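Enquirer: Take a look at the letters that make up each chain.
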Amino acid sequence: MLSRILTKAIYDQKRSLIYWNLGTVLLVFLVMTMYPAVQEAGEGFNDLMDALPEEMKALFYGGSSDVGISTPAGWLNIEVYGLMLPFILIIYGIINAVNSIAGEESNGTLELLVTTPISRVQIAIEKFLAILLGMIVISSLYTLTVILFKNSFEMNSLQSSVIISAGFEVFTLAIGYTAISFAIGAITGNKGLTLGLSFLITIVSYLWNGFHKFLPDVLESTNNLSLFKYYSSIDTSNTSIDITELLVVSGLSLIVVSISIAIFKNRDLTT
Amino acid sequence: MTSAIKIENLTKYYGKFKALSSLNLEVDTNTIYAFIGPNGAGKTTTIRTLLGMLNPTEGTVSVLGQHPTQKNTGMFNKIGYLPGELSMYDKLTGNELLKFFGNLKNITDWKYVNELVERLNCEPTKKIKTLSKGNKQKFGLVLAFMHKPELLILDEPTSGLDPFLQQTTIELVQESKNTGATVFLSSHIFSEIDKVAETVGFIKEGELIVEEELEVLKSNAVKTIEIEFKDAPPATLFDSMGNVQKVEAENNSIKLNVTGSLDSVIKEISNYEVLNIISEEPSLEDLFMNYYESK
Chain A
1 MLSRILTKAI YDQKRSLIYW NLGTVLLVFL VMTMYPAVQE AGEGFNDLMD
51 ALPEEMKALF YGGSSDVGIS TPAGWLNIEV YGLMLPFILI IYGIINAVNS
101 IAGEESNGTL ELLVTTPISR VQIAIEKFLA ILLGMIVISS LYTLTVILFK
151 NSFEMNSLQS SVIISAGFEV FTLAIGYTAI SFAIGAITGN KGLTLGLSFL
201 ITIVSYLWNG FHKFLPDVLE STNNLSLFKY YSSIDTSNTS IDITELLVVS
251 GLSLIVVSIS IAIFKNRDLT T
Chain B
1001 MTSAIKIENL TKYYGKFKAL SSLNLEVDTN TIYAFIGPNG AGKTTTIRTL
1051 LGMLNPTEGT VSVLGQHPTQ KNTGMFNKIG YLPGELSMYD KLTGNELLKF
1101 FGNLKNITDW KYVNELVERL NCEPTKKIKT LSKGNKQKFG LVLAFMHKPE
1151 LLILDEPTSG LDPFLQQTTI ELVQESKNTG ATVFLSSHIF SEIDKVAETV
1201 GFIKEGELIV EEELEVLKSN AVKTIEIEFK DAPPATLFDS MGNVQKVEAE
1251 NNSIKLNVTG SLDSVIKEIS NYEVLNIISE EPSLEDLFMN YYESK
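Here the protein sequences come in this chain order: A and B.
Heads up: the first sequence is residues 1 to 271, going by our numbering.
Heads up: the second sequence is residues 1001 to 1295, going by our numbering.
In case anyone wonders, no lab produced these hints; they're calculated from the structure.
Predicted model only: the values in this text are computed from it and were never measured.
Ideal Cβ positions, reconstructed from N, Cα and C, are used throughout, including at glycine.
Keep in mind that a hint or two might mislead.
[To be verified] With a cut-off of at most 27 Å between alpha-carbon atoms, the simulated DSS-like pairs for lysine-lysine come out as follows:
{"id": "1", "chain 1": "B", "residue 1": "LYS1148", "chain 2": "A", "residue 2": "LYS8"}
{"id": "2", "chain 1": "A", "residue 1": "LYS191", "chain 2": "B", "residue 2": "LYS1133"}
{"id": "3", "chain 1": "B", "residue 1": "LYS1126", "chain 2": "B", "residue 2": "LYS1136"}
{"id": "4", "chain 1": "B", "residue 1": "LYS1091", "chain 2": "B", "residue 2": "LYS1071"}
{"id": "5", "chain 1": "B", "residue 1": "LYS1255", "chain 2": "A", "residue 2": "LYS8"}
{"id": "6", "chain 1": "B", "residue 1": "LYS1091", "chain 2": "A", "residue 2": "LYS191"}
{"id": "7", "chain 1": "B", "residue 1": "LYS1267", "chain 2": "A", "residue 2": "LYS191"}
{"id": "8", "chain 1": "A", "residue 1": "LYS14", "chain 2": "B", "residue 2": "LYS1127"}
{"id": "9", "chain 1": "B", "residue 1": "LYS1126", "chain 2": "A", "residue 2": "LYS8"}
{"id": "10", "chain 1": "A", "residue 1": "LYS191", "chain 2": "B", "residue 2": "LYS1255"}
{"id": "11", "chain 1": "B", "residue 1": "LYS1148", "chain 2": "A", "residue 2": "LYS191"}
{"id": "12", "chain 1": "B", "residue 1": "LYS1267", "chain 2": "B", "residue 2": "LYS1223"}
{"id": "13", "chain 1": "B", "residue 1": "LYS1148", "chain 2": "B", "residue 2": "LYS1218"}
{"id": "14", "chain 1": "B", "residue 1": "LYS1006", "chain 2": "B", "residue 2": "LYS1177"}
{"id": "15", "chain 1": "A", "residue 1": "LYS8", "chain 2": "B", "residue 2": "LYS1105"}
{"id": "16", "chain 1": "B", "residue 1": "LYS1016", "chain 2": "A", "residue 2": "LYS265"}
{"id": "17", "chain 1": "B", "residue 1": "LYS1105", "chain 2": "A", "residue 2": "LYS14"}
{"id": "18", "chain 1": "B", "residue 1": "LYS1267", "chain 2": "B", "residue 2": "LYS1255"}
{"id": "19", "chain 1": "A", "residue 1": "LYS265", "chain 2": "B", "residue 2": "LYS1071"}
{"id": "20", "chain 1": "B", "residue 1": "LYS1099", "chain 2": "A", "residue 2": "LYS265"}
{"id": "21", "chain 1": "A", "residue 1": "LYS14", "chain 2": "B", "residue 2": "LYS1016"}
[Said to hold, decoys possible] Calculated Cβ distances over 12 Å to all of chain B for the following chain A residues:
{"id": "22", "residue": "LEU22"}
{"id": "23", "residue": "GLY44"}
{"id": "24", "residue": "THR145"}
{"id": "25", "residue": "GLU154"}
{"id": "26", "residue": "ILE201"}
{"id": "27", "residue": "SER237"}
[What the hints assert, rightly or not] To spell it out: a stretch of chain B is covered by chain A in this simulated footprint if at least three of its residues, at any positions, have a beta carbon under 8 Å from a beta carbon of chain A; those stretches are:
{"id": "28", "stretch": "1052-1063"}
{"id": "29", "stretch": "1213-1222"}
Turn these sequences into a full structure, and let the hints guide you.
Expert: As structure tokens, then:
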């Protein structure tokens, strides 16, 4: 029973998943190929980055302490792990979350689905699982790309455990925003509203975390609400997966998704 | 006779808008019930409430003896549904679509599904997005009938179909009834309802204004008859009959509107030499329009 909606949801992602994976892997690979030249230029790049205010650095480096652009970790952070990869995975998650329930409801296809013997709860769970599977595939492939090619581009000093840990950091961050998006879709059933709100929340929380120090004192600690605060991209001091962070974010995501499914289970459909 | 559908005092609000108002409706098992009303009268709201897509604001709904809630999703194994606004997965081929929903509905008799595909002249190898409205509708019909449901809820089943396929659809409805199924049908095409419906319900602004067996409705309705006499009848003929209204009298012919039985009229004219009688049975459309305008 479980495999039918799950299989269909994976089938729906099939083509986009191939392109997202190709694009992400290619991006990571190209950035890695540039590293030997950057390393050679050395201090010049570091001076340029050092001139940036701390808040700007935090935006680009994703909260890692590895900010030296001429180090392998620093280069990968500023080019991909700091901003690009988290947003690639978040956007992938949001698009698929929007299309899962809100999309089907807005398109009218949910009407036939909910009049089969499958419960709304099962429909929602299987659709969410399919999104997670797609995100796991993307995260795994670019993590594998970095591990496989790091020695070819003078990044030998970067430990595989650090790269795996960073992959989990990106995945954990993206789960959070995907769960929020899925929940909005399951509660409202409105595709446009879900898409708009999801991106608004993601972008505001990213900028909020970056610029919170410019806010009045009373608001300064509000960046605790942003998931980006807990994201640390590639950090050479992180040689193991931050299980606590993964469990907290996953747990909170599970609660958000569960509440939204409970509402979806009993609410009127909008189509 | 047990009820396949029972709606009691169903009221549904969308915000402040009252879509259904204390609706009471009962569909006996193994009958064909036609649910008729103009756009916006509340037909689709009623159907979606029957299928658990909408919650009643007030009142109760029972389908095949169960309330259509998420606790009873197993009941959908026994229900075939065709939405009025059919949306299907455009990226799938017809075969993939049938396979997907067939699996969800635990289909075992795929031979019957293939028979339906052939009878309705479907194009199963083409992607749904390439099909015309009528060709998509055919797949909608296959999805509704494929698991041989006990109850069929069909909203505008012949929409977009050519006359041949309209006839095939009517035949499928009749065959389902013959094998014990109940059919709840909503349509704007009175001629097709006239062919199959046993009971009709007229809905207006969220209220059921008439619910009656079609034959009874017709026999009680105003019928127009034209009688041609050999010689001109007395001018006062029929004046004393309460159920008869003289519409037109010209030469030796009289045109009458008769409510209910024609028995008294036949007895009255038996005293005269009659050359011809033309009786027009009211169409379902006439009945609907009469009720709709009078309520």
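Enquirer: Run every hint past the structure and note whether it holds.
Expert: Going down the list of hints, with the structure as the test:
The straight-line distance between the Cα atoms of LYS1148(B) and LYS8(A) is roughly 24 Å, inside the 27 Å bound, and the hint therefore holds. For the suggested pair LYS191(A) and LYS1133(B), the alpha carbons sit about 24 Å apart, so the restraint of at most 27 Å is met. Taking the CA atoms of LYS1126(B) and LYS1136(B), the gap is about 11 Å. The hint holds against a cut of 27 Å. Distance hint between LYS1091(B) and LYS1071(B) is unfulfilled; the C-alpha atoms sit about 31 Å from each other, more than 27 Å.
Taking the CA atoms of LYS1255(B) and LYS8(A), the gap is near 65 Å; set against the 27 Å cutoff, the hint is violated. Between LYS1091(B) and LYS191(A), the direct Cα distance comes to roughly 19 Å. Compliance with the 27 Å bound is thereby established for this hinted pair. Between LYS1267(B) and LYS191(A), the direct Cα distance comes to roughly 69 Å. Violation of the 27 Å bound is thereby established for this hinted pair. For the hint linking LYS14(A) to LYS1127(B), the alpha-carbon distance of about 17 Å falls within 27 Å, and the restraint holds.
Taken as a hint, the LYS1126(B) and LYS8(A) pair is honoured in the structure, with Cα atoms around 18 Å apart against an allowance of 27 Å. Using a Cα cut-off of 27 Å, the hinted pair LYS191(A) and LYS1255(B) is violated, with the two alpha carbons roughly 61 Å apart. Proposed proximity of LYS1148(B) and LYS191(A) is contradicted: the alpha carbons are some 34 Å apart, above 27 Å. Distance hint between LYS1267(B) and LYS1223(B) is fulfilled; the C-alpha atoms sit about 17 Å from each other, no more than 27 Å.
Note on LYS1148(B) and LYS1218(B): the hinted pairing is violated, with a Cα-Cα distance of about 32 Å set against a maximum of 27 Å. Distance check on the hinted pair: LYS1006(B) and LYS1177(B) sit about 18 Å apart at the alpha-carbon level, within 27 Å; holds. Taking the CA atoms of LYS8(A) and LYS1105(B), the gap is about 15 Å. The hint holds against a cut of 27 Å. Our distance criterion of 27 Å between C-alpha atoms is met by LYS1016(B) and LYS265(A), whose separation comes to about 23 Å.
As the CA atoms of LYS1105(B) and LYS14(A) are separated by approximately 24 Å, the hinted pair is consistent with the 27 Å bound. The suggested pairing of LYS1267(B) with LYS1255(B) holds, with an alpha-carbon distance near 17 Å, which does not exceed 27 Å. For the suggested pair LYS265(A) and LYS1071(B), the alpha carbons sit about 10 Å apart, so the restraint of at most 27 Å is met. With a CA separation close to 25 Å, the supplied pair LYS1099(B) and LYS265(A) stays within the 27 Å bound.
For the suggested pair LYS14(A) and LYS1016(B), the alpha carbons sit about 43 Å apart, so the restraint of at most 27 Å is broken. No beta-carbon of chain B is positioned within 12 Å of the beta-carbon of LEU22(A); the least distance is around 20 Å. The beta carbon of GLY44(A) sits about 51 Å from the closest Cβ of chain B, which is more than 12 Å, so the claim that it is off the interface holds. Every C-beta of chain B lies more than 12 Å from that of THR145(A), the closest at about 29 Å, which supports listing it as non-interface.
Annotated as non-interface, GLU154(A) keeps its C-beta farther than 12 Å from every C-beta of chain B; the closest such distance is 45 Å. Listed as a non-interface residue, ILE201(A) keeps its Cβ farther than 12 Å from every Cβ of chain B; the least gap is roughly 27 Å. Separation of SER237(A) from chain B is adequate, the least Cβ-Cβ distance of about 46 Å exceeding the 12 Å criterion. Using a Cβ-Cβ cut-off of 8 Å, 4 residues of the stretch 1052-1063 of chain B lie near chain A, which meets the minimum of three, so the contact claim holds.
As drawn, the stretch 1213-1222 of chain B meets chain A at 0 residues by the rule of a beta-carbon pair under 8 Å; below three, the given contact is violated.
Hints 4, 5, 7, 10, 11, 13, 21 and 29 from the earlier list are contradicted by this structure; the remaining hints agree with it.
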